[in-house]
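Engineer: Each chain, letter by letter, is given below.
6 protein chains.
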Amino acid sequence: MHIKDVKSKDIIKFIETFAPPELAIEGDNIGLQVGGNLNRDIEKIGIALDPSLSVVKKAKNKGVDFLFTHHPILKDPIRTFTGVMYEKLKILMENEIILYSAHTNLDICKNGLNDALADLYHLKDVKYLYDNGLGRLGIFNGTFEDILNITKEYITKNPTVVNAEIVNNKNNNSKNNNKKDLKVAILSGYGLSQKSINYVSKFADVYISGDLTHHSKILAEELGLCVIDGGHYGTEVYGLKLFKKYIEDYLNVELISLDF
Amino acid sequence: MHIKDVKSKDIIKFIETFAPPELAIEGDNIGLQVGGNLNRDIEKIGIALDPSLSVVKKAKNKGVDFLFTHHPILKDPIRTFTGVMYEKLKILMENEIILYSAHTNLDICKNGLNDALADLYHLKDVKYLYDNGLGRLGIFNGTFEDILNITKEYITKNPTVVNAEIVNNKNNNSKNNNKKDLKVAILSGYGLSQKSINYVSKFADVYISGDLTHHSKILAEELGLCVIDGGHYGTEVYGLKLFKKYIEDYLNVELISLDF
Amino acid sequence: MHIKDVKSKDIIKFIETFAPPELAIEGDNIGLQVGGNLNRDIEKIGIALDPSLSVVKKAKNKGVDFLFTHHPILKDPIRTFTGVMYEKLKILMENEIILYSAHTNLDICKNGLNDALADLYHLKDVKYLYDNGLGRLGIFNGTFEDILNITKEYITKNPTVVNAEIVNNKNNNSKNNNKKDLKVAILSGYGLSQKSINYVSKFADVYISGDLTHHSKILAEELGLCVIDGGHYGTEVYGLKLFKKYIEDYLNVELISLDF
Amino acid sequence: MHIKDVKSKDIIKFIETFAPPELAIEGDNIGLQVGGNLNRDIEKIGIALDPSLSVVKKAKNKGVDFLFTHHPILKDPIRTFTGVMYEKLKILMENEIILYSAHTNLDICKNGLNDALADLYHLKDVKYLYDNGLGRLGIFNGTFEDILNITKEYITKNPTVVNAEIVNNKNNNSKNNNKKDLKVAILSGYGLSQKSINYVSKFADVYISGDLTHHSKILAEELGLCVIDGGHYGTEVYGLKLFKKYIEDYLNVELISLDF
Amino acid sequence: MHIKDVKSKDIIKFIETFAPPELAIEGDNIGLQVGGNLNRDIEKIGIALDPSLSVVKKAKNKGVDFLFTHHPILKDPIRTFTGVMYEKLKILMENEIILYSAHTNLDICKNGLNDALADLYHLKDVKYLYDNGLGRLGIFNGTFEDILNITKEYITKNPTVVNAEIVNNKNNNSKNNNKKDLKVAILSGYGLSQKSINYVSKFADVYISGDLTHHSKILAEELGLCVIDGGHYGTEVYGLKLFKKYIEDYLNVELISLDF
Amino acid sequence: MHIKDVKSKDIIKFIETFAPPELAIEGDNIGLQVGGNLNRDIEKIGIALDPSLSVVKKAKNKGVDFLFTHHPILKDPIRTFTGVMYEKLKILMENEIILYSAHTNLDICKNGLNDALADLYHLKDVKYLYDNGLGRLGIFNGTFEDILNITKEYITKNPTVVNAEIVNNKNNNSKNNNKKDLKVAILSGYGLSQKSINYVSKFADVYISGDLTHHSKILAEELGLCVIDGGHYGTEVYGLKLFKKYIEDYLNVELISLDF
Ligand SMILES: [Fe+2]
Ligand SMILES: [Fe+2]
Ligand SMILES: [Fe+2]
Ligand SMILES: [Fe+2]
Ligand SMILES: [Fe+2]
Ligand SMILES: [Fe+2]
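For the record, the sequence lines run as chains L, V, X, C, H and G. Be aware that the first sequence starts at 1, since it is given in my numbering, and climbs by one per residue. Be aware that the second sequence starts at 1, since it is given in my numbering, and climbs by one per residue. Be aware that the third sequence starts at 1, since it is given in my numbering, and climbs by one per residue. Be aware that the fourth sequence starts at 1, since it is given in my numbering, and climbs by one per residue. Be aware that the fifth sequence starts at 1, since it is given in my numbering, and climbs by one per residue. Be aware that the sixth sequence starts at 1, since it is given in my numbering, and climbs by one per residue.
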């Protein structure tokens, strides 16, 4: 891979056109994370879900000098620089690797991570799940089995499922070859908080998201909401791969995947 | 099952001797949850991890009139009574089922949920993991494989494991038939927050707890902490079964298990 | 009394048309308090100022299955259900009595509790006392004695009065048979906080409201504001009786008064 | 009245020995309120419950140069000086009247306002009602009628009473000429908040205090607590008159009562 | 000096037309500070930067009965009146001196303190420095030496300067007789907080304001921002003198300067 | 300079014995700031008041690999790493320079920055100025002129002085060659906040500290407190030089001064 005359600021410009920073929810740590001279020519661009230590090490080893990640390097701020953060920053700074993140703006934007999932499930009449643009809510025409098969093929091999029988019953009670319109909600990443499950249960038959924990599972059972936990990783990497292609097409270079 | 002259207040007295309320961490909603005349004779005692709607329904169907759960009915308070909460309260009140919870006090107390885990893994030199008494930290003499086998047999069939190779390497580098002293931390229920993982990584080789999510997994990988997610359910139900026996021995009656 | 085919949701629909929920001030606990199936046919409707234990018991004894109260069941939320709250909820739930409240929305709305008072005193040029719609401010044409007589006849037999002499002096100094335009403010319920008295003193000659306490009385004296404490009960029940009639006319049934 | 060589600091010294400032509850605005040179000789000492505008005017007219009040001049702080506060401060400052308050420290201290009430009702086995020293709880030997008579004679002519019948029934059920030990709680001033009523209902048969409002009355009824509202004024002025005598005896001068 | 029929309210009206109160930033303690009858005829008007004790004493000694100050009498509110505040209030109230302040509204308004500085430096293309109207940002055509000379002549004899060399270098590198367009920011009073310096460094070559402290100086050095500390006093009094003239012209009287 | 077998952890151990971390006031960002392997041998040790960009650059240029500063690198935490912070961290990390700070613990500890000032002025009967150990209060035997001369010789050439005349008058009124006991308070660094001045005015005749601003100056004038502003830099560097010697004596090496 070699890029002719591409600078950090050019890449950032494309990302910010695709996923406008002003879409991000308040308090999200998006944008330039670590850097640096944005006018330097970039040789290799890396992409990852997380700016983890292993991703940062791989970026260095592969000669990446611009690293895009979906998750920011920090949620909570720090004022001393030791341990793992020291290690990460040292590698990035010594090797002058620019780190840039688009997080909830990439979740929310057109053709972003949530739109990608809505497309994957062929949802119709798609709306925002939340007023701030996070998640999608739409109509799935098919059986619950169909939804599960798509999830297993594209998101994760072994999804956790809650209340499948409730949706199956709906399907069985409908005519027309078990085909039925199901209201499906999706939210890439961590969407299975108790608050979200409570909210989504008012609109959806099926909710696909990630990071299901014990209390959320109990709540979903109580509320009779069918939940598919496709994993935080799985529900985000699907759209991230598509975003990778958007960048590649725009810059006419190949990006280096570092954790997917 | 039949209990001679046992009243709610007698059962509560035993529970509070076993798991003193003053051990609970601040803000935990422990003690009497729903009730009621504590002087009435009790016919049947139920026990469950969660006061979920299905547990409450089973309790009614089986004629339970005193229900003990580890998790409280509510973490955040409410001021209207509708939906699932209405359903639960209605069943409990109509059938005069007393609901009582011992939560972090049962996690912390002698022979409580964390002591049960420490015993299960035959930990030695056992200390509190946190100053408030939550969790345990001790020495395990054996291989990582041994730990995993105990987990699979008693906690959950398919635990999630992070950084197994790091501990395996330690074992391989030690002499004496791969037997080695490993520092093991355990915390029943939800212990795999990023904050906990960060804290535990300073003391332990292996951390067994529940509810691992994406960002916690990444952090554990970065910190080189070996984590075994035995599930919130699995790590709590093990000790809860033992607590069930303590009550049964004391009252000389059989308790009705409702979700384990 | 017997109601043909009236369901809870029909009654609620009328109430919410009369006193739109969106009028309520932020944080007010209005709407459905306890319930339940809103599609069940309702036999008897009760109405009260407070969902007190004695009101709830009377409601049960009189066969009420829909109870409307002006005051909500709780201001501050709870997470255990014991004592008086247990008693109230048990009676309501066992007997499937729906409890519904319209509080500040009923104070504020057209023909609501404050409009009722404004009409009672024949105020002219009536405006909101507060920007949020609470209270009324208008012109009373008459003597202070006239105001007091209306209060004694319709609100409470023995109102507490502060600074009567100040308004009397104004009357005496005016010509025309002591008849004079007085600026009168009214606020149903608890309106005699120090903050309110301070605020009202800038606009009004006379302030009629409820729940006068020591420090408020001293402040009114200092500010020279004439205050009539007609009682929290008195200033609210007057309009509540009219609201009772609105429901009766609409549904063509008689409501059962439970505390007035 | 004439005082030989008495300075403000001498009076303050006596007050602070009687009602030590460190007894006051946190955030209470006690001590020197307005002043001034504390070394000047004092001619006349005034005493009042409230530093109201009318009290301040009377103080000036009667030549008072040291004014003691139970209530502080302000609870919430200010940063502009206009209106009534301007008037009060102007009079106090122009006439060099020192204003000094002992509030919760005088409520709490030995022989203070609450002890005065405990003595009035001849309570036995007297304890603090609250851990911070506010209020008193003791045993009254007699009928409820006896309590009411004392209240009417010494506190207020027309006390408001809630749940009298509950205590009367207790009396009637006891032998020995209707004489019975009643648990009586007293709290001078504003003690009839919902929080206090809830708290006191756990210990006392009868609760005597001031400033009863609608919601507190309903709560007392529900909890079956007998409440006597003797008025904020009445329950404080009784002890304040005794405190006046203590000062007079100590300084051998007569104090000028300004609002009682 | 003698004023014909000028009342406080007339002076206030002029001030509030010149410096509208609604321009003030939230939480600023502007407007009437101490007073009083605003309908009384005013004999002498005083003006000062600070309502300090010495200013208040001078005001009294010179017979001032209306005192205007830029700084309010208090930023944080109080609830006892002792010490220096007692002294100030006593003098003001005894002598019925009205105290009135226009603070950030006078900083912000047209021809106010910041506009005065923008004019002094002949800035062109002047904009607000902050969105709320505080400060000014404009183009200075000349050398850094020119800026310094104006500062020394009109603001303060010995300004503190940081990073002069950076701006000098810019001048030297430009042609045209060292004349160059410099971006100059000004903020009257306390403008040299770290937050402000950080903000201003993104727009300006030179920043003129007051109250430079150690950490701010270090930050300015790091950011390469040239800072001139003209003093809180110096940067405010310059415009205050002009405001004095505006009042004098309007009322056709001479004001008494009390601290400048 | 060359150090035999000295590691970062050895230097840190000495610093923490001299200035125990537990002395620091809550929330102070002390200790290891940036690093790193603490077991590496150290060649050169640098010392500075501030970890400013120019100090960091000098440290690199002089081959420093352990840098001690009094001020921490950050007060408020951050979560992106750009601009000046990027530059500083990059230099420190690339060159593996350990940065370590002792701030309020060095102010407070025995022989720390405040003790150094107390010794400089030969104060007697020295106590903590604040309960937390910050500042010193003691007796100076001499004239105000003596204090000023010491300040000019050792702290700063041109100190700002407020209310000198008040202390001078005290001196002149005392006998014994103008020698008099003066109560002197000192506080290294930023001690001239309005809050501090108010507090110190109750104990001291003279207050020596740094960072005087306009409003503090006015307050000191009003309170009649004599203030000497010796500068934040001056009042801290005096003791820092002594601390440098302590390290040099202990490690038997010369430290490199970077900003003093
Ligand atoms: Fe995510
Ligand atoms: Fe749990
Ligand atoms: Fe009300
Ligand atoms: Fe009181
Ligand atoms: Fe200012
Ligand atoms: Fe400092």
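There's no promise every hint is true.
Claimed, not checked - Computed footprint of chain X on chain V, listed as stretches where at least three residues anywhere in the stretch have a Cβ under 8 Å from a Cβ of chain X:
hint : stretch
1    : 31-40
2    : 73-79
3    : 239-253
What the hints assert, rightly or not - Example chain X residues on the side facing chain C (calculated, C-beta under 10 Å, incomplete):
hint : residue
4    : Lys75
5    : Glu153
6    : Tyr154
What the hints assert, rightly or not - Cut-off 27 Å, straight-line C-alpha distance, at most; resulting in silico cross-link-like pairs (DSS-like, lysine-lysine):
hint : chain 1 : residue 1 : chain 2 : residue 2
7    : H       : Lys245    : H       : Lys110
8    : C       : Lys124    : V       : Lys9
9    : L       : Lys75     : V       : Lys202
10   : V       : Lys58     : V       : Lys157
11   : V       : Lys9      : L       : Lys75
12   : C       : Lys202    : V       : Lys75
13   : X       : Lys9      : L       : Lys183
14   : H       : Lys202    : G       : Lys57
15   : L       : Lys183    : L       : Lys195
16   : C       : Lys75     : C       : Lys244
17   : G       : Lys57     : H       : Lys58
18   : H       : Lys170    : H       : Lys110
Treat the hints as calculated values from the structure; they're not laboratory data. The beta-carbon is built from N, C-alpha and C at its ideal position, and this holds for glycine as well.
Engineer: With reference to the structure, classify each hint as holding or not holding.
Structural biologist: Hint check results:
1. Counting residues of the stretch 31-40 of chain V whose beta-carbon sits less than 8 Å from any beta-carbon of chain X gives 6, enough to reach three: the coverage restraint holds.
2. Here's how the stretch 73-79 of chain V fares: 7 of its residues keep a CB closer than 8 Å to some CB of chain X, so the rule of at least three is met and the hint holds.
3. Closer than 8 Å: that is the beta-carbon criterion, and the stretch 239-253 of chain V has 0 residues meeting it against chain X, so the requirement of 3 is violated.
4. Checking Lys75(X) against chain C by beta carbon gives a least distance of about 8 Å; that is within 10 Å, so the hint holds.
5. Hint status for Glu153(X) relative to chain C: violated, with the closest Cβ pair at about 21 Å, above 10 Å.
6. A least Cβ separation of about 18 Å between Tyr154(X) and chain C goes past the 10 Å threshold, and the interface hint is therefore violated.
7. A hinted pair counts as satisfied when its Cα atoms are at most 27 Å apart, and Lys245(H) with Lys110(H) qualifies at roughly 15 Å.
8. Taken as a hint, the Lys124(C) and Lys9(V) pair is broken in the structure, with Cα atoms around 32 Å apart against an allowance of 27 Å.
9. Among the hinted pairs, Lys75(L) with Lys202(V) is consistent with the structure: their alpha-carbon atoms are about 21 Å apart, no more than 27 Å.
10. Between Lys58(V) and Lys157(V) the alpha-carbon distance is near 26 Å, which keeps this suggested pair within the 27 Å criterion.
11. Between Lys9(V) and Lys75(L) the CA atoms are separated by roughly 47 Å; this puts the pair beyond 27 Å, and the hint is violated.
12. Between Lys202(C) and Lys75(V) the alpha-carbon distance is near 26 Å, which keeps this suggested pair within the 27 Å criterion.
13. About 26 Å separates the Cα atoms of Lys9(X) and Lys183(L), which keeps this hinted pair within 27 Å; it holds.
14. In summary, the hint linking Lys202(H) to Lys57(G) is supported, as the alpha carbons are separated by about 23 Å, within the 27 Å threshold.
15. Annotation: proposed proximity of Lys183(L) to Lys195(L) holds, straight-line Cα distance about 19 Å (limit 27 Å).
16. At most 27 Å may separate the alpha-carbon atoms for a hinted pair to count; Lys75(C) and Lys244(C) meet this at roughly 24 Å.
17. At roughly 54 Å between alpha-carbon atoms, Lys57(G) and Lys58(H) are farther apart than 27 Å, so this suggested pair is violated.
18. A hinted pair counts as satisfied when its Cα atoms are at most 27 Å apart, and Lys170(H) with Lys110(H) does not qualify at roughly 32 Å.
The structure fails to meet hints 3, 5, 6, 8, 11, 17, 18 from the earlier list, while all remaining hints are met.
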